[in-house]
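Protein chains in written order, with this note's numbering: chain V, 730 to 877; chain F, 730 to 877; chain D, 153 to 598; chain E, 153 to 598.
In short, the hints are calculated from the structure, not lab data.
Fair warning: this is a prediction, and the values are worked out from it, not measured in the lab.
Any given hint could be a false lead.
Said to hold, decoys possible - Quick list of in silico lysine-lysine cross-link-like pairs, DSS-like style, CA-CA up to 25 Å:
#1 E:Lys-268 <-> E:Lys-417
#2 V:Lys-843 <-> E:Lys-156
#3 D:Lys-156 <-> F:Lys-843
Said to hold, decoys possible - If you anchor each label on the Cβ, the simulated ranges turn out as follows:
#4 E:Gly-266 <-> D:Gln-155: 55 to 61 Å
#5 D:Thr-400 <-> E:Ala-249: 49 to 55 Å
#6 D:Thr-400 <-> E:Met-499: 37 to 43 Å
#7 E:Pro-544 <-> D:Pro-216: 38 to 44 Å
#8 F:Met-805 <-> V:Thr-745: 38 to 44 Å
#9 E:Pro-502 <-> D:Gly-177: 34 to 40 Å
Virtual Cβ for every residue (Gly too), placed ideally from N, Cα, C.
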Amino acid sequence: MSGMLFDPESIRTLATILRETALTEIELVEGDRRIRLVRAAPQAAHAATPTLAPIAAPIVAVAAAAEEAIPAGAVMSPMVGIAYLAPEPGATPFIAVGRAVAAGQTVLLIEAMKTFNQIKAPHAGTVTRILIASGEPVEYAQPLLVIE
Amino acid sequence: MSGMLFDPESIRTLATILRETALTEIELVEGDRRIRLVRAAPQAAHAATPTLAPIAAPIVAVAAAAEEAIPAGAVMSPMVGIAYLAPEPGATPFIAVGRAVAAGQTVLLIEAMKTFNQIKAPHAGTVTRILIASGEPVEYAQPLLVIE
Amino acid sequence: MFQKVLIANRGEIALRIQRACRELGIPTVAVHSTADTDAMHVRLADESVCIGPPSARESYLNMPAILSAAAVTGADAIHPGYGFLSENAKFAEMVEAHGMTFIGPSPAHIRMMGDKIAAKAAMASLGVPLVPGSDGAVLDLDQARAVADRIGYPLLVKAAAGGGGRGMKVAQAADELEEAWTVARTEARTAFGDDAVYIEKYLDRPRHIELQVMADAHGSVVHFGERDCSLQRRHQKLLEEAGSPALTSAERDSLGAVVTAGLRKLGYRNAGTLEFLYQDGQFAFIEMNTRLQVEHPVTEMVCGVDLVREQLRVAAGQALGYEQSDVEFRGHAIECRVTAEDPETFMPTPGRVDVFHAPGGLGVRVDSALYAGYVVPPYYDSMVAKLIVHAPTRPEAIARMRRALGEFAIQGIKTTLPLHRRIMDAPEFVAGDYTIHWLERFVSSV
Amino acid sequence: MFQKVLIANRGEIALRIQRACRELGIPTVAVHSTADTDAMHVRLADESVCIGPPSARESYLNMPAILSAAAVTGADAIHPGYGFLSENAKFAEMVEAHGMTFIGPSPAHIRMMGDKIAAKAAMASLGVPLVPGSDGAVLDLDQARAVADRIGYPLLVKAAAGGGGRGMKVAQAADELEEAWTVARTEARTAFGDDAVYIEKYLDRPRHIELQVMADAHGSVVHFGERDCSLQRRHQKLLEEAGSPALTSAERDSLGAVVTAGLRKLGYRNAGTLEFLYQDGQFAFIEMNTRLQVEHPVTEMVCGVDLVREQLRVAAGQALGYEQSDVEFRGHAIECRVTAEDPETFMPTPGRVDVFHAPGGLGVRVDSALYAGYVVPPYYDSMVAKLIVHAPTRPEAIARMRRALGEFAIQGIKTTLPLHRRIMDAPEFVAGDYTIHWLERFVSSV
Chain V
730 MSGMLFDPES
740 IRTLATILRE
750 TALTEIELVE
760 GDRRIRLVRA
770 APQAAHAATP
780 TLAPIAAPIV
790 AVAAAAEEAI
800 PAGAVMSPMV
810 GIAYLAPEPG
820 ATPFIAVGRA
830 VAAGQTVLLI
840 EAMKTFNQIK
850 APHAGTVTRI
860 LIASGEPVEY
870 AQPLLVIE
Chain F
730 MSGMLFDPES
740 IRTLATILRE
750 TALTEIELVE
760 GDRRIRLVRA
770 APQAAHAATP
780 TLAPIAAPIV
790 AVAAAAEEAI
800 PAGAVMSPMV
810 GIAYLAPEPG
820 ATPFIAVGRA
830 VAAGQTVLLI
840 EAMKTFNQIK
850 APHAGTVTRI
860 LIASGEPVEY
870 AQPLLVIE
Chain D
153 MFQKVLIANR
163 GEIALRIQRA
173 CRELGIPTVA
183 VHSTADTDAM
193 HVRLADESVC
203 IGPPSARESY
213 LNMPAILSAA
223 AVTGADAIHP
233 GYGFLSENAK
243 FAEMVEAHGM
253 TFIGPSPAHI
263 RMMGDKIAAK
273 AAMASLGVPL
283 VPGSDGAVLD
293 LDQARAVADR
303 IGYPLLVKAA
313 AGGGGRGMKV
323 AQAADELEEA
333 WTVARTEART
343 AFGDDAVYIE
353 KYLDRPRHIE
363 LQVMADAHGS
373 VVHFGERDCS
383 LQRRHQKLLE
393 EAGSPALTSA
403 ERDSLGAVVT
413 AGLRKLGYRN
423 AGTLEFLYQD
433 GQFAFIEMNT
443 RLQVEHPVTE
453 MVCGVDLVRE
463 QLRVAAGQAL
473 GYEQSDVEFR
483 GHAIECRVTA
493 EDPETFMPTP
503 GRVDVFHAPG
513 GLGVRVDSAL
523 YAGYVVPPYY
533 DSMVAKLIVH
543 APTRPEAIAR
553 MRRALGEFAI
563 QGIKTTLPLH
573 RRIMDAPEFV
583 AGDYTIHWLE
593 RFVSSV
Chain E
153 MFQKVLIANR
163 GEIALRIQRA
173 CRELGIPTVA
183 VHSTADTDAM
193 HVRLADESVC
203 IGPPSARESY
213 LNMPAILSAA
223 AVTGADAIHP
233 GYGFLSENAK
243 FAEMVEAHGM
253 TFIGPSPAHI
263 RMMGDKIAAK
273 AAMASLGVPL
283 VPGSDGAVLD
293 LDQARAVADR
303 IGYPLLVKAA
313 AGGGGRGMKV
323 AQAADELEEA
333 WTVARTEART
343 AFGDDAVYIE
353 KYLDRPRHIE
363 LQVMADAHGS
373 VVHFGERDCS
383 LQRRHQKLLE
393 EAGSPALTSA
403 ERDSLGAVVT
413 AGLRKLGYRN
423 AGTLEFLYQD
433 GQFAFIEMNT
443 RLQVEHPVTE
453 MVCGVDLVRE
463 QLRVAAGQAL
473 GYEQSDVEFR
483 GHAIECRVTA
493 EDPETFMPTP
503 GRVDVFHAPG
513 GLGVRVDSAL
523 YAGYVVPPYY
533 DSMVAKLIVH
543 APTRPEAIAR
553 MRRALGEFAI
563 QGIKTTLPLH
573 RRIMDAPEFV
583 AGDYTIHWLE
593 RFVSSV
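Isolated chain V (complex conformation) (with noise of 0.2 Å):
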C-alpha cells in the first residue's frame, strides 16, 4: 500500500452517507482493505414534558400572551392591573401604531389598588404593535405594546 492508507475526501463522503440515511455503521471491505465508520444513536432528548389532562382550558391566562415568543422591542407590564390606552374615557390614546416615542413618554397607564400607574417607553422608537385594548386586565410580564 503506497502513501496515504485512506483518502480524507472518501471517508468525508461517507461520514455524510452515513449521516443524511440515518445509518449508524458502514463497513467496506476491499481485498485486504476495510473502511469501517460508526456513529453512536442519536441519543434521545428528553421527551416533551407531558400535558396534563386539562380539567377545562389548561392555562387560560388573563391574556395568554405569555405563551407566544416575545417580541423584539416589546414593552411588558411590571404588574398585574388593568390597562387603559388613554388618560380617561374618551380622551385621546397616548400612542397610536406607526407613532414615534420617546424614552420615558407615559405610552399607558395600569391600574392597581385603585392607583393609576404610568407605565414608560423604555426606550425611542415607533410604535409597531399594541398588544392590550384599552380596559383588559393584564398579568405581571405580559407584553403591551411594541417600540421598534
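Starting from the known structure of chain V, arrange chains F, D and E on it as the hints suggest.
Coordinates of chains F, D and E only, in the frame set by chain V:
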C-alpha cells in the same frame, strides 16, 4: 488508496432499502469485496424505561439470565422447573463443555410436576457453555447451554 | 401466616395482592409471560419466574408451569386474583394436592358455583331469591297461564335447551301470552330439536347489584354490603358504586341476612360475590363469583376493610374476629375502570404509555400497573387502571371523581377516560337513575 | 358559597386548595411567579395570573399584585394556604378592605397569635396550660428557690430580654440553682444590658403535639384531635402522625375540651392549630398557628373530614353543622414530607424530575405538585410531596408506609425518600418511643 473503494450511489440505495424494509443490517460479499450497513433499532426516540423504586432487589428472577444478551446457539428452557445435568445423582453428565452433541440428543433433564422432561439438542455442534448448575431452578425461555 | 405467596396473575390485581402481602410482611413470587418481563407486578416483586410465552393459555393459564414456579421458589400459597385460573376448581385441587394453600374457596364450592344451574338450585334451597318463574318446564298453555297469574307480566317464555336469545319471547301482558308461548316453542323445536319451554318473570329495567361476602374456616360469615354494577357495556362492567343509589339499608340488611345464613349453612369460606338482578324491590340471584372481584375496592372504601388481607388471613386459618354488627358503612365510593380502548369505538389500543400521571389528594385511590414508558401488550385484558374515590355522600363522590378524572393523564394510548368524564356529567348518572341498559344507550348517543 | 376563589400560594398546597374548590364547584384563580409558569397549580387552574418575578418578595408575598389579580379576575375570596401571607394580619385586612373574604381567622386573631407573648397571655387567661414557671421576673435567689420548689427540677433560668439561647441556664437539681441563677443574670446583663430573669420548667424530652381546631362564625368550635409532630430536624417537621403514640384518648378529650371552650370564648373562627410541648402527662402551650398546616392530611384521614372544604364553608358563613360528639377518630395516619434535598447532607436539590411515579392502592394518598418533566425551581420551599397513609392501627400504617415508600419513584433530583425508608425501620419509631430530639440524633447516626 487507488480508485474508489466504493460507489456512493450503491450505498445510498442500500441505505434506502435498509430503512424501507425496517432491517437493521445489510451485508454484501462478492469475492473479496464486502459492504456492511448497520442501522440502530429506532428505539432511541423513547427515553430509557424509568426505574421504579425497588422494594428490595427489583427483579430477582429465579435466575437473572434473561437480563443478558442471549448468545447465538443458546438452548432455551421450554418450561419452568429444576434442571439436571445428569440422569441421576452421581451419574455421568449428559454433556460437557467442548464435547460434540448430535441434534436430538438429550442434553439435560428438567423436572416439573414430578416429571423429568428430556431436553434435546435442537441442532448439532459443540457445547461451548453450560449456563446453569445441576439442581438449579430455571424459568421459561432461560438460556441453558450454548451449542455452536 | 404464609411464608411466601405466589400470585398467579398479572396487571393491577397482581400488584394489588402484592401490596397486601407486603403489608403483612409476606414475600411474593410474581409469575409472568415473556410479554410481561417489564410489567410492574414483576418489577416490584420479591422474586419472579417467567412461565411461558405471551399466549395466556401457555402462561397465565398454564397450571403445570405455575405449580412448578411455586415449587421451585418455595411458595406455600397461591393467590389466583380474578380471571385466568381464579375459578378453576381443578387448579384449586392441584394446588392443594401439591401441599400448598389455594387462597379462595374449596374446589367443591368453586365447582358448584361454576355450574350455573347447580348454583341456582343451591341458592334456592338456601332461601336466596331467584327470578320468579315456573319450576321447570311448562307443559301446556293452561299451565303457562297459571304461572303468569302467579308471577305477573311482563314475562319471558324461554326454551329449556336455549341460549343466545333464541327460543326466547317476551309477553308484556296476558293477551300476548299465547303468541309468545307458540312462537317460543316453535323456535325451540327448530333451533334445538326440543320444544320444552319454561317461564320466567321478565325484568325489563333491572339493576345489577351484587353482595360481597367473606367467610372464615370457623363458621363466621359476614357481608360487606352491596355494589351497584349496572353500568355495563356488552356485559362488561365499566363503573361500580358502593352503595347502590337504589337500595335502602333495610333492603341491604335483609338480603345480607339471608345470604350470610345460607353461606354459613353451605360451609363456604373466603371471599365471594353473589350477583343479583334487582327491580321493583325484588332481588333475583344470577350467579356467584367464588373469587375477588375487579370492583372490590369500592367495598373496601366504604367498609374500611382490606379484602385481600382478609382473604389471606382466612386462607391461613385465622378467624375473621368480627361480626356483622361490627361492619359499618361510611360514605360512598365509585370506581371507574379505565381501559386501553378507543372511548368511542372501543377498539383496543395497546402500545406505549408516554405519560402516566395519577390523580392524588384526599379520597382518591388509583390501582394500576401502568407507568410512563410501559408498553401495554396486546395479549391480555384491556383494563389498565382503576380510579376509585370515596367521599361522605354520593354527590361529593361524583364531584371528587369528576375532579380526579380531570387530573388523570394517560398519554400515548387512547383510554376510556373521556367516556368516564362524560358519564360523570350525565344527568341520569348524577341522579342515580339507571338500569343495566342505560350505558349501552348512552355510549351510542354520542 | 364563593363565586371564585383566588389561591395565593404555590406547590402542593395550591393544588390541595384547588381540589377542594373544584369539588365544591368553585372556579379558582392561580397566581404564580415567572418561575412557576409550568407549575402544576397553574396548569390545572381555571384561570391563572402571573404576579411577579421569581423572588417570593415580589410575587407570592406581593400583596398589591395578589389583590390586583383578584380584582381583575373577579375573585370574591382568597385562600392564603400556609407560609407566605397566610399569617399576615395586614394582608387579611387588605383583603377585607377590598370587599373580599379572607379564608382564615379575623385579622385581630392573626395578630394576637402572631405576637407570641400576647398569645401566651391570652391562652393562660383561657385556662390553656403553659410551661410552668414564675409569673414574670424573679427578683432574687430566695424567690427563685420558692418558684423551684413549686415547679420542680430540672428548670431553666432565662433572660427576660433573651433569645437565641443566650442568657439561658439549666439547673438539673436544687444544688445547681444558685450557679444557674448567677450565670444567667451575668450573661443577660452582658448580652442584653438587662439582668431580669424568669424561671421555667425545663422539658428535657418533650414531644411536639398539636391540636387541630375548626370554628364557624356562629359560635361552634370543634377539635379534630391531635397530631404528633415530634420528628423534626432544625425545627422543620419531617413526619407527622395522628393520633400521637403517646397520648390517651382521655388526655386528648380533656385538652380538647379546654381548648375549644377557650376559643369559643375568644370568638375564634376558621381553622387553627395549637402547638404544645408534652412531657410526663403535661401539656405546655407554645404557639397557635392561625392557618391550615402542612400536616393537616393526617387529621383528615383519621377524622374523615376535608379540612379545606370546612375552611371554605365556614369562611362563607356556613355553620359547621356538627358537634364535638360527632367527630370520630378511626385508625392511624402517618405523613412523610418528601423534600428535594440530599437525604444525608440536606443540601437542596432543585432540578428536573425525570421520573415521577406515585404509589397507589388502598389507604395511600399523595399530595404533590410534581410531574415527570417538571423542573423544581430553586427559589422556594424544598418540600415536593407529602405521602400520607391511613390504616386501622399504627403497626398497619407503618407497614403501609413502608410499602408505599418502596413504590414511590422520584428520579432526576435527590429527595429525602431514603431517609423516610430508614425511619420506618428504626426501632424507636416503630415503638413510638421518640421525643423532639430523636430525629436529629437519628439523622447524624448514619
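Which of the listed hints are not met by the structure?
6
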